[in-house]
Structures are given as C-alpha cells and as structure tokens.
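Number of protein chains: 2
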Amino acid sequence: MITLDVALGERSYPIYIGADLLGQAEIVRRHLAGREVMVVSNDIVAPLYLDTVMAAFEGLRAEAVILPDGEEYKTLAQLNTVFTALLEKRCSRQVTVVALGGGVIGDMAGFAAACYQRGVPFIQIPTTLLAQVDSSVGGKTGVNHPLGKNMIGAFYQPRCVIADTAVLDTLEPRQLSAGIAEVIKYGLIRDGELLAWLEENMEALVARDRDALSHAIEHSCRNKAEVVAADELEHCQRALLNLGHTFGHAIETGMGYGRWLHGEAVAAGMVMAADLSARLGWLSGDDVARVEKLLSRAKLPTRGPALGPARMKELMAVDKKVQDGCIRLVLLRALGEAVVTDQFDPALLDQTLAQCQV
Amino acid sequence: MITLDVALGERSYPIYIGADLLGQAEIVRRHLAGREVMVVSNDIVAPLYLDTVMAAFEGLRAEAVILPDGEEYKTLAQLNTVFTALLEKRCSRQVTVVALGGGVIGDMAGFAAACYQRGVPFIQIPTTLLAQVDSSVGGKTGVNHPLGKNMIGAFYQPRCVIADTAVLDTLEPRQLSAGIAEVIKYGLIRDGELLAWLEENMEALVARDRDALSHAIEHSCRNKAEVVAADELEHCQRALLNLGHTFGHAIETGMGYGRWLHGEAVAAGMVMAADLSARLGWLSGDDVARVEKLLSRAKLPTRGPALGPARMKELMAVDKKVQDGCIRLVLLRALGEAVVTDQFDPALLDQTLAQCQV
Numbered sequence: 013m014i015t016l017d018v019a020l021g022e023r024s025y026p027i028y029i030g031a032d033l034l035g036q037a038e039i040v041r042r043h044l045a046g047r048e049v050m051v052v053s054n055d056i057v058a059p060l061y062l063d064t065v066m067a068a069f070e071g072l073r074a075e076a077v078i079l080p081d082g083e084e085y086k087t088l089a090q091l092n093t094v095f096t097a098l099l100e101k102r103c104s105r106q107v108t109v110v111a112l113g114g115g116v117i118g119d120m121a122g123f124a125a126a127c128y129q130r131g132v133p134f135i136q137i138p139t140t141l142l143a144q145v146d147s148s149v150g151g152k153t154g155v156n157h158p159l160g161k162n163m164i165g166a167f168y169q170p171r172c173v174i175a176d177t178a179v180l181d182t183l184e185p186r187q188l189s190a191g192i193a194e195v196i197k198y199g200l201i202r203d204g205e206l207l208a209w210l211e212e213n214m215e216a217l218v219a220r221d222r223d224a225l226s227h228a229i230e231h232s233c234r235n236k237a238e239v240v241a242a243d244e245l246e247h248c249q250r251a252l253l254n255l256g257h258t259f260g261h262a263i264e265t266g267m268g269y270g271r272w273l274h275g276e277a278v279a280a281g282m283v284m285a286a287d288l289s290a291r292l293g294w295l296s297g298d299d300v301a302r303v304e305k306l307l308s309r310a311k312l313p314t315r316g317p318a319l320g321p322a323r324m325k326e327l328m329a330v331d332k333k334v335q336d337g338c339i340r341l342v343l344l345r346a347l348g349e350a351v352v353t354d355q356f357d358p359a360l361l362d363q364t365l366a367q368c369q370v
Numbered sequence: 013m014i015t016l017d018v019a020l021g022e023r024s025y026p027i028y029i030g031a032d033l034l035g036q037a038e039i040v041r042r043h044l045a046g047r048e049v050m051v052v053s054n055d056i057v058a059p060l061y062l063d064t065v066m067a068a069f070e071g072l073r074a075e076a077v078i079l080p081d082g083e084e085y086k087t088l089a090q091l092n093t094v095f096t097a098l099l100e101k102r103c104s105r106q107v108t109v110v111a112l113g114g115g116v117i118g119d120m121a122g123f124a125a126a127c128y129q130r131g132v133p134f135i136q137i138p139t140t141l142l143a144q145v146d147s148s149v150g151g152k153t154g155v156n157h158p159l160g161k162n163m164i165g166a167f168y169q170p171r172c173v174i175a176d177t178a179v180l181d182t183l184e185p186r187q188l189s190a191g192i193a194e195v196i197k198y199g200l201i202r203d204g205e206l207l208a209w210l211e212e213n214m215e216a217l218v219a220r221d222r223d224a225l226s227h228a229i230e231h232s233c234r235n236k237a238e239v240v241a242a243d244e245l246e247h248c249q250r251a252l253l254n255l256g257h258t259f260g261h262a263i264e265t266g267m268g269y270g271r272w273l274h275g276e277a278v279a280a281g282m283v284m285a286a287d288l289s290a291r292l293g294w295l296s297g298d299d300v301a302r303v304e305k306l307l308s309r310a311k312l313p314t315r316g317p318a319l320g321p322a323r324m325k326e327l328m329a330v331d332k333k334v335q336d337g338c339i340r341l342v343l344l345r346a347l348g349e350a351v352v353t354d355q356f357d358p359a360l361l362d363q364t365l366a367q368c369q370v
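Keeping their order, the protein sequence lines are chains A and B.
Quick note: the first sequence uses the working numbering, first residue 13, plus one each step.
Quick note: the second sequence uses the working numbering, first residue 13, plus one each step.
Looking at chain A on its own, in the form it has when it is part of the complex (with noise of 0.2 Å):
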C-alpha cells in the first residue's frame, strides 16, 4: 500500500492506494469521529462493495443511503435525500459520513457532509478511476444546477481517501478511459515524465494492469496533492486542474448531463485547448497530434459534438473561471506547461470551436 499525505495545515490528510484495501477494516475505522456512520453509495457500486465496506464498521451504528447513479442524479433534490436519511437515522454531529462510489457519489457525500449540521466528518471510498485519480482529492464538494454544472458546493476536506485497485475491475471500459483522461491531463499541464510514462504505457493502463494502474493513481494524486496542498482555494494555481474543462463543461451542458461522461468531455475539450494552444503559437502541430494520439489510444473522443461555436461559447460563458464577462481558460504553453488566460484573439476560439467538433 502506497501513503500519500494531502498537506493542508490542520485539514491534512492520506490517500492510500493498493489493491483489496476495501476488506482492511483498520485503515478505515482509524478514521471514524464516533461510533456513528453512514455510507453513501449508488445503486450500481452497493451490490458489489456495500456488505465489505459495512462488515469494516461492525459493532458500530452504521447505516447507509442509496442513490440512483448518474451524474443526472447530482443535484439538490438528491442531496436532500441524504439529509433525510441522516435525520430519520438520528445522527448526531459524530456521524462520520462515507462516500462509496464514482465522482457524483464523492461530490454529493462530502458536500453533505460540510452541510449536516454543518459539518460532520468525511471519508472518500472512490470506486472509479476518475474519482481515484482527481475528484476524491482536493476537497471539491457540490452538486449541479439545471443551469450550470457545480454551481452548488463546497470546499470541504475529507479525513482520508482509500483507492483501491481492485475495485477497477468491475468498471465499465468507458469509465475506465473517462478516468485515463484525467490522468493524461496531469502529464499535460505540470508532469512532462507522467506524460512520457502514459505514452509508453497506454495498451497496459487501458487493460487494467494493476502495476500500471497504482502507477498512475499514485502520480496522478501525487500532482492534485501538490497542487491543491500549494492553493487550496483555487485563487490561482489550482485552477490549471482544469484543463480542457471549462470546454467540457460546456459540451457536458449542451448535450444534458450524462450524455457524455465527465472525462469524455474534457478529453475532447483538451484538445480544444491544445487546438487553441498552437493557433497563439505555443505548440505545434506535432503536440497537438500527439495529444490526440495519446487520448485516441486510451478510447476517448478527440472532437466535440456538432454544437456550434456560437452555442458551446453561450455555454462557456457560465462556467466559474469567467471573470467580469471575459472566458480564461487553461491553455498549453508547452507540453507539461499550462496556463491560465484571457488573453487570445475570440476569432480563434471560434476557429477551435468550429475545428474541434464532429
């Protein structure tokens, strides 16, 4: 088992990583406020993780509430449910509260969490890659608004992540890859060697080879801890996480939630940036192809859908990175080197857009 520390002051907290690190009652019950715990999970992960993770709290109140899954499913009316649950259960302000499932599971639980009786105790049981490698780190909470994707949240810290491996087995192949992207993206703005690894290791991360899996897991926490351990508010370098987001967001919007998923979209929407990259003359032609190639080889899309630069700019326009009406976005300056700016000619966004989708 792999130990990484989040270094946020007196919010720190580990991410471990390792295969069957679900049937180890310890690492969880360390983390427990009280005796009290409620998992929250969704109806496709709770049939096949829910009974070992509740066998770690016997002896203990432990219940758990079910969601639908879907990230059409993040939202207030859903997160009230939790609530529900939590009251009807009585639990006081020494319920720890577990999250037990993807990136929607892991928002919608720890933004409970900062909310019931506001606040109680937290801990990430991510079940997808994309949860392992990015949403379960970093204290990034909230839901959706029919209006705006995350408009809703919180920054609120988990006491610890437990990522294991062994629960990627069970994930659908397109899920595997929404998570691949994200990882992709921490080579592409600040790990030049992550990225160098990924393009030698692509065939063996797409078959879940477990040595490849906790390589990227570990690296790709690693950067986010990095990142979000340097700016925990996001005033400044957390927001190059968001590479190839504010367009994803955009597609996620325009297409309806769940249409595409989160990792697919931003996939098509670093290209976006890298597209948009080399018309400012930051990277050429080669990068972008090798961008491409890379996503291509992990199953993800590489163009946006036929919405239209006109719309997808509409749908840009919402997203929280703009500031007194200007769109910033994250951009490459190299390889391994992002960027955030609002400095660009709009003609070449709207080249980009209309370049970039199907």
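In case anyone wonders, no lab produced these hints; they're calculated from the structure.
Each pair may be met inside one copy or between any two copies, as identical chains are not told apart.
Below 25 Å or equal to it, Euclidean Cα-Cα: the simulated DMTMM-like pairs (lysine to aspartate or glutamate) are: (1) Lys-101 to Asp-354; (2) Lys-325 to Glu-75; (3) Lys-101 to Glu-326; (4) Lys-325 to Glu-100; (5) Lys-311 to Glu-211; (6) Lys-325 to Asp-354; (7) Lys-311 to Glu-83; (8) Lys-325 to Asp-357.
Start from chain A and add chain B according to the hints.
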C-alpha cells in the same frame, strides 16, 4: 456609529451599529468584492428598504431576489431560487451577496453565499432586532429540514454586518420582543451587568428608545463576538449561546415552523432552563421569578405550548446538542453564568417540562 470588531483571524469583520446607516453608501461599498451585487430580501422588507439599499450600489451590476417572508420558507427549495437568480443573472465568483432582512434571510443568503460556486463574499444588513443582536453575528448559516431546524448549513462569515437601528421603527411589536429575548439571554449566560441594565431599562427598550436599542445591540453583539471569537466552531463556549434553544427548537418544530417566533420559543425555553437549574439546586425560586418577570416585561411568553413532556423530549432528541443519545442542555449555575451539562436526573427534566407548559 459604533464599530465592533469580530476577531476571527483572516475572517475578522466589523459590525456597524447606529441610526440611518442604510443611507450611507460608503459603509457597504467599501466591503464589496467586485462590481456585482445580489441582494436577497423578502416581500415584507423589500418594499420598505430595498430602494435605499439598491441606491447605494448605483453604477454597479446590482440585482435583487425577493423570497416569501417566514421561517416556513427557510428551505432548500427556496435556497435554490437564490441559486437560480444568481445563475440567471450570470453572477460570477466576484458577486457579493447582501442579506437584507431578518434572521431567516440572513441564514439563507449566507448559506447561498457559502455554497454558490463554493463560496462568494457576503454582507449582512439585518432588519430585525433578533437578527441584529444574534443571528447576523457568528457565521451560522443554513436552512431547515422537515425533520429538524437548522440541520443543513455552513459556518460562513460575512465581510461586515450593518445594524441600522432606524429600521426597527417598522418592526412588529411581537418581533421586537422576540429580539429582546436574545438580549436577555446574553445577560443570563455571561453578563450580569447587562442583566441589571435590562431590569432598569426594559420599558425604554420596548418603547424603542434609540439609545436603549443601541446599548442593547452593542452589548449583545459584544458578548456574541467575544464568544464566537473564542470558539468559532462551537466546540465548547459557543454552545452556551444556546440557552433555551434546545427547548425552543422543540417548541418551534412541535408547533410547526412559524407559529411561534424563534425568540418567543427561546423565551419559554429559558424559563425551562431556569426551572431545571432550580431543581438542580443551582438557582433559587427568586432567581427563576426574576427571569420570568423580565421576560414578561418584554412581553414574551414564559410557558411553552401544551405538547406534553414525552413529545417535547422526542423533539429535543434530534437537536444538534445531542451526543450519543444523551440530551445535553445549557443550564444556569447562577444568573449570569451558564454551563453545558448532560448530568441531570431525567425525572427532573420531566418535572420541568410538565411545569413549564401552559
């Protein structure tokens, strides 16, 4: 104008107290984050004061969202209308949310500010005495759930609080009394001097004498600011501010939100706390009579509704102060000195509950 500072490190903020502060645009403008403002108010307060407040934001992009008045609307659903307004107006992370109203508006606007895009700046303009002396100070925000009051929320500090005594001229007498209940509370839990002042000046306060109001607000906020600064996350001292509140919340929930005003329920709850304290031998019968008399002079109830001890205890059991099934209460060691305890004979609580209802 009096300026009090709430000392919370980098989250410190001033409370301004005085007459006709709403018309002084420079006070509120110096605390704005950017050029976007969203005022959250209700349909009782907005017709009276919204124009004055909006005039202070001339030249900026200022919008308003008006909620229905009343504790029964302090819900996740109403909170969502604030998010919808923020998103429809394309408000960015630089928006400042301004609460213009009583405690319900302050709690909801503050929680909306805490959650919108994971946190935007927030200013409190409380328009009831209760909100000026209590709920606007300390950073507690949130909404109710059908199964419990204030069960969903966040600790979130405003950039400033503007307590304008002139707006109290339009307050309903019942609302004024509800605010005085909390002023009396500060006297009972930690400020014998304020308690003595109240016994000398209660009629002036009820008659809305400006000097008396300023004195009451200043000393209430000073007490609350001291407690909050010492214990921002309510692990210990802050709990003392809940004198009468566990009883009071049970009354409010049992009668249905909005039937009893919060301050009225707290008044009856403080008599219960005093009565139980006397049964424990901490207060004399005269002390209890002194509490009841002061509340009566403030035109507040001194008895709870006839819910019965069993139902009251059931309602009290969902309160946030409950740990591992024990009901913890704020009681009085003496007038001017409160303690938190779960060390009492449950039979005495039954006697109190039977005694202190109509």
